[in-house]
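K.L.:
Make a model of the complete structure from these sequences and hints.
Sequence order for the protein chains is A and B. Note that the numbering used here has the first sequence beginning at 51, numbered continuously upward. Note that the numbering used here has the second sequence beginning at 198, numbered continuously upward.
Wrong hints could be hidden among the right ones.
To be verified - Which stretches of chain B does chain A cover? Using the computed rule of at least three CB atoms under 8 Å from a CB of chain A, they are:
#, segment
1, 536-546
2, 841-853
3, 900-914
4, 1080-1089
It should be emphasised that the hints constitute simulated quantities derived from the structure, not laboratory data. If you're wondering where the values come from, they're calculated on a predicted model, not measured in any experiment. Where is the CB? At the ideal position from N, CA and C, for every residue including glycine.
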Amino acid sequence: LSCLAMILFSCESRLDVTPLSNLTDATYYKTAEDAKAALGACYASISNPDVFIDLATSDDAVPFLTGDANRPLLWRYDITPDNAFIRFYPAAYTSINRCNIVINRLPAIAMDENLKQRYIAEAKFLRALAYFNLVRLYGGVPIMTTETDGLEGLEVARASIDEVYQLIERDLLAAEQVLPLSYDGIDKGRATQGAAKGILAKVYLTRAGTDRGSPYWQQAAAKAKEVMDQGVYDLYPTFAQAFSLQARGGIENVFEVQYLTDVRGHSLGRGYGIRSAPIYPGGGAGIARVAANLFNLYQDNDQRKAVSFITSYSYQGKTVELSVTDPNPANAVSFQKLWDKTATTNGGEGTSFPILRFADVLLIYAEASNERDGGPSVEAYEALNRVRQRAGINALSGLDYESFRAAVWLERRLELTFENNRRFDLIRTGQLLQAIKADTGFGRNAQIQEHHTLLPIPQLDMDVNPLLEQNPGY
Amino acid sequence: QRVTLKVNNVAIKEVMRRLGKMTGYDFIYNVDRSNTLKQVSIDVKETPIEEVLKQCFYPLKVEIVSKEEKTVVLKLSERSSLGGVSLRPPGLSQLIIEGRVTDKDGRGLEGVSVFVKEHPKVGTITNRDGYYSLSVRDGAFIVFSFTGFQRKEESIGQRTQINVTLAEQESALDEVVVVGYGTVRRGDLTGAVSTVGEKDIRATPIVALDRAMQGRVAGVNVTTNSARPGGATTVRIRGTGSVNAGNEPLYVIDGFPTGDLNSININDIESMEVLKDASATAIYGSRGSNGVIMVTTRRGKVGKSIVSYDGYYGEQRVRRKIPLLNARQFAEFVNDANVNNASAPYFDGSSDERPLPSSLGEGTDWQDVILRKAPIQDHQLGISGGSEKTRYAISLGYYGQDGIVIGSDFKRYSLRTNVDSDVSSRLKVGLSAQGVHTSSNSARTEIAGNTAYESVVSSALNYSPTFPVWNSDGAYFSNQGPLNGLGADNPYAMSQEFTNKGSLIRFLANTYAEFKISDHLRFKTTLGADLQSNKASNYISRLVITGASLGGSASVASAQTINWLNENTLTYERTFGSIHQLNALLGYSYQQSDYETATANANTFNDDFAKYHNLGAGSTLIPASSGVNQWRLISYIARVNYGFDDRFLLTLTGRRDGSSRFGTNNKFGFFPSGAFAWKVRNETWMQDLKYLSDAKLRISYGLSGNQEIDNYRFLANITPLPYVLGGALLTGNAPQGIANPDLRWEKNAQLDIGLDLGFFDNRLSFTGDYYVKTTSDLLFSVGVPTNSGFSSMLQNIGRVQNKGVELALNSTNIDHGGFRWTSAFNITFNKNKVLALDNRTEFRAGSDAQVHRTNISPILMRVGTPIGNFYGFKMEGIFQNENEIAASAQPNAKPGDIHYADINGDGIFNDEDRTIIGNANPDAFGGLNNTISYKGFDLNIFIQGTFGNEILNYGTFDQMNMTGGNNQSTRVLDRWTPTNPSNSVPRANAAGGSRLLSTLHVEDGSYIRFKNISLGYTLPTSWLRSLSVSSCRIYITGQNLFTITSYTGYDPEVNRFGSDTISQGIDYGAYPAAKTYLLGLNVKF
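P.N.:
Rendered as structure tokens:
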């Protein structure tokens, strides 16, 4: 009997069943390969950039009005914390936690020290990027700088906006020290020194706000200038080239999210394409169309108009002319800036999504140096006119401080539409309320108020963290 | 069995009485023959019973005719070699009565005691074919008595031939009940165990055995999740005890704990025992807390082989369509919505697509387009029988059901063999085996994705009635314009162009060997396996939206499960001093399951011809995927049953279970229970109570567990995450969740107090149970602050309590002159309450209840309230004028908009104003079954219902969104307009109202349903004899004929999220329920 008991109890070790298909965190983070994959998870976490919040809460676009009710509600500024389209918050923290893992775990891994420091710097860059988006959308948010490995310490109250910016600045300055100027072949697309400097320039620009005497103008201009002086980045000769498949890893995107056609792509072309138009795999979704007031701002000879918007299409011999006023979304002039026409599947578009484009850096420099100097310098003109002339429109000259500022603001809108800039620019320059109230197309009548410069913390996230305080007004 | 006995000159009757007491058997033998014997003297020690009997009846020859659970039938005959012994000559004035005793199917019953009522000693037993012959000198009545059957008396009069049919005993306390690792007499039960008999299982056309319990077993609430063929059900025994671990009971099929009920042929099932209290379920330890259902399939019996055919054929139609606007009403509505949003009317007669509403008629009824009348059928051919040594039962079954939504069906082909064989007097071996193949086609209903163009039902409800099915060129009509805001696809195209095929091959077999070590000690070992191979094949053609975007999309997924089980038990059974009965069990069990999957996909095909049959033809490569899942369970089992003087019964059980699913610190759990029963009726002071035929008091308390979570949940698994850099696809890795090495069993402590009463010879019987079931260490996927990078984590926190009363009443209302009316009624009142959740008072439950285009989890868990509260706003009514708006917390509203209650009264309407607006748990549920039989006719009426539960009708979000972007319920005809001051339906408004979850979306889900009405006729045996048919019954049945409910969706029995605990009672895009009419036939040869 005791023999039998021995046999039985020796079986109990058979209960230690671990997955055959996955590693677990107890066995992971040991090698250089693990380190690379851990950092890869950080890059994977930014592969779903959201343009809808920017388009719907600015004056650039009109959502499909009889479609998903939550979309027009955002556009009309009838925003509740329940709205499905403001949930950037948890996705940002997924990214932040993965970056924290890299920053916390890599020091213990035996591997090439230079590579290790570079990986950590890349993670710091991506962490700063996530916080930068969070702070601009929601204001001060909980600061997490350690990896989540248990339930302790997860209920964290919101930090102040200043504290979040301090972290962003610290991370970007640290990354800037380590990151290389550029990469070869298979590493193209990783965060560079230029990317860290460029985002930092944008951070300073945002922090300067509407304060004319702010020291941040100088810092923004200086950082942008450093990127311009690196000689790594440039504008493509034509605007269309900047959004072609060949631009992946190219000279213009200082930092971008990369995709592969029909392998791992986005659907920004089809999603914001003409509703039900058969030219897209699966038909256009028409999530939002371009607003007439944006479309009509372009000069006729502006190359960017035809690259950014589709105004007619032909299918099986029939040509459909599109309009910015016809309420039928099947006839609406629509966005096509990032449309990859070679994709054969829905969600298979391979064009890169620009997080920071060199044109943006030039315009940051133009704006910040104009503010710093109290008027446009030669270099400021040069930066602005590089963008304008590449688009095929005339160079500007002879402007005073005010009109130069207005010219840069307009240029940003025309150049960077569909790239997640308009809402942030309007808020940064204190023009959001006025711009939204002025946008009355399609019966918008938005109920915008002062508190709408920040979005509400999504209700689901409010519900699980009792220490979170909702933004005022919601 | 061996006995020790010493008697001296005792009457044979007394010797048999003593033997009976010792062995536990009743001996039945021809009294008239044994009367010829003198008194006997016997002195034996540990002698086989056969030898003792031989000595007793010497010089007669004794044969054991049959040996059942408690009865041994002996046949006495003269030994031819003893021709010289003369028997007492028969009297002169005797009457010889002959006849045959049969069961209701006309089969001869062997071993029935036939005796004269006035002279019980004058008797005989029936022979193999049920014939008897009895010499009677005087007396007025003959009594026919047989274990398991109702006793019958016949007056003799002048008759010399008396044939009788015995009816099976219905409320027999002697009935054997299957419990975990053994059987017990119903009268000796200490726990709360209910039985569903063969008749009830087969009364309604159902696909799977779990539905047979609906309305028939107190304490068991059964809800159909989806009405589609082969759709699953949710079964809750004594309420919902767990939140994120499973709540479904454990099914044990012929000793093998397993699942997937759709592939078990219900016609093979003889009985189902529902183990409810901890004393009954603790023997299943870690899997017992949700109740255990013991399923016993039919086995062969000694006797003539019986060939039987059972079948039915019928038709199903939709029970109810949802009333929607027709084309003209819809066009008027759209115009109204546009005008209210300060735009021009859409239907303005300006083009063919935009005619004036007055020119439109009914338009297309998309529900009619996708629905049909569909056949349902079931056929079963069985043969069973056996000899003394070997018994067998073999059956072939076919079940086929087409769905009422075009393109859906379910078919099952099954083969079962059960064999038992006595290898020797000590060794018995047996096999239960079922091979089955099921195949199904599913329509796109209740699917994930939540977009209208993915679900055929959602599309049919939302697609504009002004749209035609076809274009003029013969292609499917398609329109994604402003009348199709939800992006629905052509419903007919969807029903044709999606292929979702499922196929299962399953072999479930369990073998046993039972060895009698001594008269009291038995060893039993079982070895079984459940082997399943699944294949799911899908194709989406290029003619529907989802498929067009992919250029046609095909996938083939296969899965394989190997689940095997070995159980070993040692049973000791003995009676000491005739009043102490002991039954003890020790056991060891090992179960292991290995599950593997592989999936391949391809997109972009040149044509739709090959569907999923040629993935290589797809020009878009999608990475193949595979997975594996394993779990193991090691258990030690012990149980002691002790009975004292047939008055007191005590049961103690314990199981120590180890599971691979739990954290390294907590692999093993121990689950003890105890039960005590007092058979009050057997007390001497109760003997005078004439009308009370049974009374038993039961009390039990015990612990059971729950391990129904996914594998490996205690680990932080690393998950692969693809990304692109340098123009190449790479894979990153990150943890999927937060590790929890302390993850452990959910514990369920249950107290049960039960009372069983029988009146008038158990013609009326009552069972009542009161229970308190408390689940602690709740396995709960706690929403964690999302700043952690994760949204939830599985933890052991909190307690949930279910408290309730179950009442069951069985009665024979009338049994007179061949007219018989019996009723079975049961009702359960269950109260569910969350007692504690970590240290918080409420949780919003995860994200798994997010439905179509809302970003809120509609479920709130709050301490002190039941699980699964619907959480939202309270609709006060409709704003009638500006004054009301000014006085409200919604300053931006317009007259005609919904007025929500400002719950916290702060004058601001926001999320703080949400409150509990409903709950899916019923206050009560039950059923009433009536059977009336008269002269071969039988009528069965079965009513079932639930009371006091609410349904969250998500369809209202679409059918009453008031935008004109999709079709609407006819309820919007009563919408608010300045001239129709409705207070329940808001105004039409193309701008879209807020999609806020409110009481507008919550409805009463109570219903009473005539689940089954069936009329049958059993043909008289005299008609059939020449056809060598022993019995034949034809019947017609109507299922779901009437339902009384105020629910506005397809059916109040609905669960969008299946058995997901926290998201019960949610309806969106459900498959419509059917009513069924059928014609059936049962024949035995």
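K.L.:
Work down the list of hints and note, for each, if the structure agrees.
P.N.:
Structure-based check of all given hints:
1. 536-546: holds (count 3)
2. 841-853: With 0 residues close enough to chain A, the hint is violated.
3. 900-914: n = 5 at 8 Å, threshold three: holds.
4. 1080-1089: violated (count 1)
The structure is inconsistent with the numbered hints 2 and 4, although it conforms to all the rest.
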